[in-house]
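Chemist: Take a look at the letters that make up each chain.
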Amino acid sequence: MRDTITQFSYLVASVFFILGLRSLTHPDKARRGMQLAAVGMLIALCGTLINHQILDYKWIAAGLVLGTLIGYPLGMWVPTTALPQRIAMSLSFGALAATLVGIAEYYTAFHGGEGTIAPARMAAIGFEVLLGSLTVTGSMMAFGKLQEILPGQPITYRGQNAVNALLFAGAMGLLITCIVNPAYAPAFYGMIAIAAALGVLMVIPIGGADMPVVVALLNSYCGLAAAATGFALGNSILIICGALDGASGFLLSILMSKAMNRSFANVLFGAFGGGDAPAAVSSGGQLPVRSISVEDAAIQLAYAARVIVIPGYGMAVAQAQHAVRELAELIEKRGGEVKYAIHPVAGRMPGHMNVLLAESNVPYDKLYDMDEINGEFPQTDVALVIGANDVVNPAARSDPSSPIYGMPILDADKAKHCIVLKRGMAAGFAGIENALFHAPSTSMLFGDAKASLVKLVSEVKAA
Amino acid sequence: MRDTITQFSYLVASVFFILGLRSLTHPDKARRGMQLAAVGMLIALCGTLINHQILDYKWIAAGLVLGTLIGYPLGMWVPTTALPQRIAMSLSFGALAATLVGIAEYYTAFHGGEGTIAPARMAAIGFEVLLGSLTVTGSMMAFGKLQEILPGQPITYRGQNAVNALLFAGAMGLLITCIVNPAYAPAFYGMIAIAAALGVLMVIPIGGADMPVVVALLNSYCGLAAAATGFALGNSILIICGALDGASGFLLSILMSKAMNRSFANVLFGAFGGGDAPAAVSSGGQLPVRSISVEDAAIQLAYAARVIVIPGYGMAVAQAQHAVRELAELIEKRGGEVKYAIHPVAGRMPGHMNVLLAESNVPYDKLYDMDEINGEFPQTDVALVIGANDVVNPAARSDPSSPIYGMPILDADKAKHCIVLKRGMAAGFAGIENALFHAPSTSMLFGDAKASLVKLVSEVKAA
Amino acid sequence: MLILELYIFVLAGFVGFMVITKVPPLLHTPLMSATNAISGISLVGSMVAAGARHGTVATTLGFVAVVCATTNIVGGFLITDRMLKMFKRKEAPVATEAKH
Amino acid sequence: MLILELYIFVLAGFVGFMVITKVPPLLHTPLMSATNAISGISLVGSMVAAGARHGTVATTLGFVAVVCATTNIVGGFLITDRMLKMFKRKEAPVATEAKH
Ligand SMILES: NC(=O)c1ccc[n+]([C@@H]2O[C@H](COP(=O)([O-])OP(=O)(O)OC[C@H]3O[C@@H](n4cnc5c(N)ncnc54)[C@H](OP(=O)(O)O)[C@@H]3O)[C@@H](O)[C@H]2O)c1
Ligand SMILES: NC(=O)c1ccc[n+]([C@@H]2O[C@H](COP(=O)([O-])OP(=O)(O)OC[C@H]3O[C@@H](n4cnc5c(N)ncnc54)[C@H](OP(=O)(O)O)[C@@H]3O)[C@@H](O)[C@H]2O)c1
Chain D
1 MRDTITQFSY
11 LVASVFFILG
21 LRSLTHPDKA
31 RRGMQLAAVG
41 MLIALCGTLI
51 NHQILDYKWI
61 AAGLVLGTLI
71 GYPLGMWVPT
81 TALPQRIAMS
91 LSFGALAATL
101 VGIAEYYTAF
111 HGGEGTIAPA
121 RMAAIGFEVL
131 LGSLTVTGSM
141 MAFGKLQEIL
151 PGQPITYRGQ
161 NAVNALLFAG
171 AMGLLITCIV
181 NPAYAPAFYG
191 MIAIAAALGV
201 LMVIPIGGAD
211 MPVVVALLNS
221 YCGLAAAATG
231 FALGNSILII
241 CGALDGASGF
251 LLSILMSKAM
261 NRSFANVLFG
271 AFGGGDAPAA
281 VSSGGQLPVR
291 SISVEDAAIQ
301 LAYAARVIVI
311 PGYGMAVAQA
321 QHAVRELAEL
331 IEKRGGEVKY
341 AIHPVAGRMP
351 GHMNVLLAES
361 NVPYDKLYDM
371 DEINGEFPQT
381 DVALVIGAND
391 VVNPAARSDP
401 SSPIYGMPIL
411 DADKAKHCIV
421 LKRGMAAGFA
431 GIENALFHAP
441 STSMLFGDAK
451 ASLVKLVSEV
461 KAA
Chain C
1 MRDTITQFSY
11 LVASVFFILG
21 LRSLTHPDKA
31 RRGMQLAAVG
41 MLIALCGTLI
51 NHQILDYKWI
61 AAGLVLGTLI
71 GYPLGMWVPT
81 TALPQRIAMS
91 LSFGALAATL
101 VGIAEYYTAF
111 HGGEGTIAPA
121 RMAAIGFEVL
131 LGSLTVTGSM
141 MAFGKLQEIL
151 PGQPITYRGQ
161 NAVNALLFAG
171 AMGLLITCIV
181 NPAYAPAFYG
191 MIAIAAALGV
201 LMVIPIGGAD
211 MPVVVALLNS
221 YCGLAAAATG
231 FALGNSILII
241 CGALDGASGF
251 LLSILMSKAM
261 NRSFANVLFG
271 AFGGGDAPAA
281 VSSGGQLPVR
291 SISVEDAAIQ
301 LAYAARVIVI
311 PGYGMAVAQA
321 QHAVRELAEL
331 IEKRGGEVKY
341 AIHPVAGRMP
351 GHMNVLLAES
361 NVPYDKLYDM
371 DEINGEFPQT
381 DVALVIGAND
391 VVNPAARSDP
401 SSPIYGMPIL
411 DADKAKHCIV
421 LKRGMAAGFA
431 GIENALFHAP
441 STSMLFGDAK
451 ASLVKLVSEV
461 KAA
Chain X
1 MLILELYIFV
11 LAGFVGFMVI
21 TKVPPLLHTP
31 LMSATNAISG
41 ISLVGSMVAA
51 GARHGTVATT
61 LGFVAVVCAT
71 TNIVGGFLIT
81 DRMLKMFKRK
91 EAPVATEAKH
Chain R
1 MLILELYIFV
11 LAGFVGFMVI
21 TKVPPLLHTP
31 LMSATNAISG
41 ISLVGSMVAA
51 GARHGTVATT
61 LGFVAVVCAT
71 TNIVGGFLIT
81 DRMLKMFKRK
91 EAPVATEAKH
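So the sequences go chain by chain: D, C, X and R. Sequential numbering of the first sequence, starting at 1, is according to my numbering. Sequential numbering of the second sequence, starting at 1, is according to my numbering. Sequential numbering of the third sequence, starting at 1, is according to my numbering. Sequential numbering of the fourth sequence, starting at 1, is according to my numbering.
Please keep in mind that the hints were generated in silico from the structure rather than gathered at the bench. Please note that the accuracy of each hint is not assured.
Restraint ranges, calculated between C-beta atoms of paired labels, are given here [what the hints assert, rightly or not]: (1) F110/C x T4/D: 46 to 52 Å; (2) Y72/C x G375/D: 52 to 58 Å; (3) P119/D x P119/C: 31 to 37 Å; (4) R89/R x A62/D: 40 to 46 Å; (5) T56/X x L49/D: 20 to 26 Å; (6) D369/C x E332/D: 34 to 40 Å; (7) R89/R x M1/C: 55 to 61 Å; (8) T156/D x I3/R: 41 to 47 Å; (9) P378/D x V289/C: 55 to 61 Å; (10) Q147/D x R89/R: 32 to 38 Å.
Straight-line Cα separation of at most 27 Å, DSSO-like style, residue types lysine-lysine; simulated pairs [unchecked claim]: (11) K29/D x K88/R; (12) K29/C x K258/D; (13) K22/X x K22/R; (14) K85/X x K333/C; (15) K88/X x K58/C; (16) K22/X x K258/D; (17) K455/D x K366/D; (18) K22/X x K366/C; (19) K29/C x K22/X; (20) K88/R x K22/R; (21) K455/D x K333/D; (22) K333/C x K416/C; (23) K366/C x K88/X; (24) K85/R x K29/D; (25) K339/C x K455/C; (26) K258/C x K339/C; (27) K88/R x K339/D.
Where a beta carbon is used, it is the ideal one built from N, C-alpha and C, also for glycine.
Could you build all of it, start to finish, from the sequences and the hints given here?
Modeler: Okay, here's the thing in structure tokens:
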């Protein structure tokens, strides 16, 4: 009886989760939908609490309280600019939970449990801890790189991929050993250790700016781990959520590499995208650069009829989103029209710019996807590039030798004038020159994006 | 072992089915996709043949052969104009299969079987035979009305709905009896009988032209019956196909009633849509009608720059689709532009007109949905209405008292000229006057659609 | 067991709903005949009934069921294919097919 | 049993695929945090491990798992809601909300 209640609570919860994700197809419905999903989560928990296997509630209660205490700040206080690392971190938490459950399953089976584990179940547990521990360390590395605790540059050495391949083979071997002879504990724990090491080694050679792709990919691993847990425990809701999670992570990573016009393989083994640092020094100088004063820039903007704002990672770094909105509203008050052009991989994660601008109350119907707006640049008076670089690099269109050649970009160079806000001539994450900055129609407004924007606002007010 | 193979074959088949239906989102992919689904079906069959419960193959073989012999002509020789009744018929076959399997299950359980049936399983079997037999008789009635073996008019008598409600209650009562005491056979067979009767009585009061809605609805019942079979046999593929079937039937019937701007309730209990007959005589006469000669019509069409063809049920009756294409091609050869406007419920089933025109090789990118094309009528020289009536009845826009008021229509009356091909002044299925036929801009070309079109073709050639 | 089947039913319902809503009116008739063909899957149940040697009654019922289901499968897939074959773009159908 | 779970996995995969592909780039970041929150469902497994009295080791592992999962659930849903709250139309947000 009790079991049936539990099962039904899970069924209801799964439906609510699906409806919740489904609601994300439209911003108006999204919030309601996710609240429904949260309710579903609550139902599932209550359904579990009545499970007859649970004899002792104090550790559960303690865990719930402690988790809430940690979770609340992570939910309410993390700045939107720190979202990528935030997601990487919670990913490692999720994976850790799955792994530990798997280990507990294995341990209890041989300490007071049946004393053995059926092959199918062992395989499930094996995949669970394998993917789990790999994701734990991997996403911790990703977190470190995104938080810039760890160096962003790819760390490479000869025969790296060979080593990884070897380790992977080893882990698989141990997994099979476990399935054949589950009682042999060393194989099990050895497998976990290797997987953990693999997680580190796989992320090391990947540049900081590629982390989002890695995170998305790890997200799908984490999902698969959860699904495996479901198979191990015979728990359908875990299977369903795992599948949903896996699908989402996988699709997003595909989408990102596509938008960066790079293959998965290239992202994972290309040792590419070492952050701004490497090329920062090399570039600039040779070619002419027209720098512009705040006053002149303000005049141009004040009298522009059509302005398109192109935000990039730099806006996130400078936390300039509020200043941007202010400026835009000023221009609109003066009769100018302002649109925002959002490149699919502007910033450091999918939808990064959308969230930042939404945070500063820019109505989302003013944000245009690349394909919608690219045609409008020729009729645009000023393209205002705020801390964007690679996503407006014409080399992607023109220069087959460029590493980003073929990546679709925003045609800022086709606007009548283009004003670029950045601190110096440093390259973007791709670490390459950007001809746009040297184009005759372009003028650079050097300095921190936020500082410059604040100045611009007061100037435009004055104008 | 064998079982696992069977199960996997079912899993693969289910995936292929889903992919097949998914492919129907685009005509180019559709064919491949459905062939994949057919392969899936084959796999499922092979998977079943190795089932160890099967001891004797001769009756299976015989059934397969006989079924193929009956199915082939039904697949290859049925004219596209007879599709609605064709679908109704195969629906009754499917439902019959489900019902018989259910009965066999029940029978064997008490003759050489376990001697009893667990409540859950009994409930499943009960729903299976209940929905099944209801669908069998119901869709046979629908077939009769569509094939015009039975009178199209709704047959009504006082307290009809009360009687049906009573019968339904009775069936439910017997179902519960079965669940409580499965051994009591009379309850089981009585339930089947009542359900069968209910199928007949529920369809009797529904007009011939509403049959497509009924068919779609019965389709979803049939799906649910199949799903119930799946629950009874513990067979997942039946559950999945049942759910797919149910969803499709349900959505289509919703769509149809929406497009007719009628509620389900109205369709099912409204005793509406008695076919052309009732109003046929009453209408016409009073108001002026401008009839036009073939020659004049041909001239108009020959020199028209923009023509929109509006096909309706009459085109299906007259089998005029090929003549239509011929005429259209002639006009195009003379430099005129021809588009086809397809109303969602033109004809007698969803997509009816699309199939007919596709059959006569009209490329599908010349077929426009109502919303796409309605705006173009004012710039149209000639709207050529071929056997359509209700779907171009302005009363739906203007006259709140009209039974079809609020149903979206094609604005043929807004075209510069409108030529209507029909045999007389008879009403459409809704059985109501059509002001369009009396409009000053409209001229009627009386006669069978095909005959008139053939004449038009030769005249236009001459012009 | 039963609960798992319930999960399957619900999920399949979701899939069905999402798939069907994406089918354009253009192809609604083929859709109807396609679901008809697929519903013929009840054949797998019928075959067991017809072949399990559960006595004449069961066998006969099973036999008839097999006939009905087979009819739907054969007829359904054939007519669907026949219809879909007819839908063509303005360009030569070959070109269209080549696309995929 | 296992096979039924396989069905569930496959069907859920379909559902996930179809649902996610419909999410516009605008909401990809909330999507990521939403899936993160939902992945916290592993809590149901953790709770059993923590409460089943299978000895100190299992209980400890379970306890840590519960903490991690809860963190994800609480943090994930809160941050998702926080983000979604920010997406507004040009009209007053009230109006927008009222629509649904
Ligand atoms: N969105 C995703 O999902 C995703 C995922 C993976 C990789 N990526 C990659 O990330 C890149 C995103 O392109 P992007 O154009 O948005 O950024 P970007 O190419 O990385 O360039 C950012 C620019 O902002 C400037 N900047 C940094 N801090 C600034 C500040 N405080 N004030 C003003 N300017 C500042 C930097 O130049 P200075 O140092 O001279 O100021 C830098 O050139 C793409 O190459 C994309 O492939 C994106
Ligand atoms: N498509 C669906 O899914 C569906 C489902 C249920 C109900 N319906 C209903 O069916 C109706 C369809 O509207 P409709 O305009 O397509 O058809 P309609 O309103 O039924 O009118 C058909 C017209 O064609 C004429 N006609 C019949 N045979 C003809 C022939 N051989 N040559 C020339 N004309 C001929 C008839 O007039 P004459 O007798 O004077 O020739 C009749 O007025 C709508 O009311 C709709 O609600 C459709």
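Chemist: Hint by hint, say whether it matches the structure.
Modeler: Checked hints:
For F110/C paired with T4/D, a C-beta distance near 28 Å fails the hint of 46 to 52 Å. The beta-carbon spacing between Y72/C and G375/D, approximately 54 Å, falls within the hinted interval of 52 to 58 Å. Checked against the hint of 31 to 37 Å, the C-beta distance between P119/D and P119/C comes to roughly 35 Å, which is consistent with it. Between R89/R and A62/D the Cβ separation comes to about 44 Å, which falls inside the hinted range of 40 to 46 Å.
Against the hinted window of 20 to 26 Å, the Cβ-Cβ separation of T56/X and L49/D comes to about 54 Å, which falls outside the hint. One distance hint, 34 to 40 Å for the beta-carbon pair D369/C and E332/D, holds here, with the actual separation near 38 Å. The given range of 55 to 61 Å is respected by R89/R and M1/C, whose C-beta atoms sit roughly 59 Å from each other. Taken as a hint, the range 41 to 47 Å holds for the pair T156/D and I3/R, whose Cβ atoms sit roughly 44 Å apart.
Taking 55 to 61 Å as the suggested C-beta distance range, the pair P378/D and V289/C conforms, at roughly 56 Å. At roughly 34 Å, the beta carbons of Q147/D and R89/R sit within the given window of 32 to 38 Å. In summary, the hint linking K29/D to K88/R is supported, as the alpha carbons are separated by about 11 Å, within the 27 Å threshold. Distance check on the hinted pair: K29/C and K258/D sit about 24 Å apart at the alpha-carbon level, within 27 Å; holds.
Between K22/X and K22/R, the direct Cα distance comes to roughly 12 Å. Compliance with the 27 Å bound is thereby established for this hinted pair. Taken as a hint, the K85/X and K333/C pair is honoured in the structure, with Cα atoms around 26 Å apart against an allowance of 27 Å. Of the pairs offered as hints, the one joining K88/X and K58/C is violated, with about 43 Å between alpha carbons and a cut-off of 27 Å exceeded. The straight-line distance between the Cα atoms of K22/X and K258/D is roughly 25 Å, inside the 27 Å bound, and the hint therefore holds.
The straight-line distance between the Cα atoms of K455/D and K366/D is roughly 24 Å, inside the 27 Å bound, and the hint therefore holds. Proximity of K22/X to K366/C is assessed by CA-CA distance (about 20 Å); at most 27 Å being required, the pair is judged to hold. For the suggested pair K29/C and K22/X, the alpha carbons sit about 14 Å apart, so the restraint of at most 27 Å is met. The suggested pairing of K88/R with K22/R holds, with an alpha-carbon distance near 20 Å, which does not exceed 27 Å.
Annotation: proposed proximity of K455/D to K333/D holds, straight-line Cα distance about 18 Å (limit 27 Å). A C-alpha spacing of about 22 Å is found between K333/C and K416/C, which places the hinted pair at or below 27 Å, so the restraint holds. A hinted pair counts as satisfied when its Cα atoms are at most 27 Å apart, and K366/C with K88/X qualifies at roughly 10 Å. With a C-alpha separation of about 11 Å, the suggested pair K85/R and K29/D falls inside the 27 Å cut-off, and the hint holds.
For the proposed pair K339/C and K455/C, the alpha carbon gap of about 21 Å is at most 27 Å, so the pair holds. Distance hint between K258/C and K339/C is fulfilled; the C-alpha atoms sit about 25 Å from each other, no more than 27 Å. Only pairs whose Cα atoms come within 27 Å are accepted, and K88/R paired with K339/D is accepted, the gap being roughly 15 Å.
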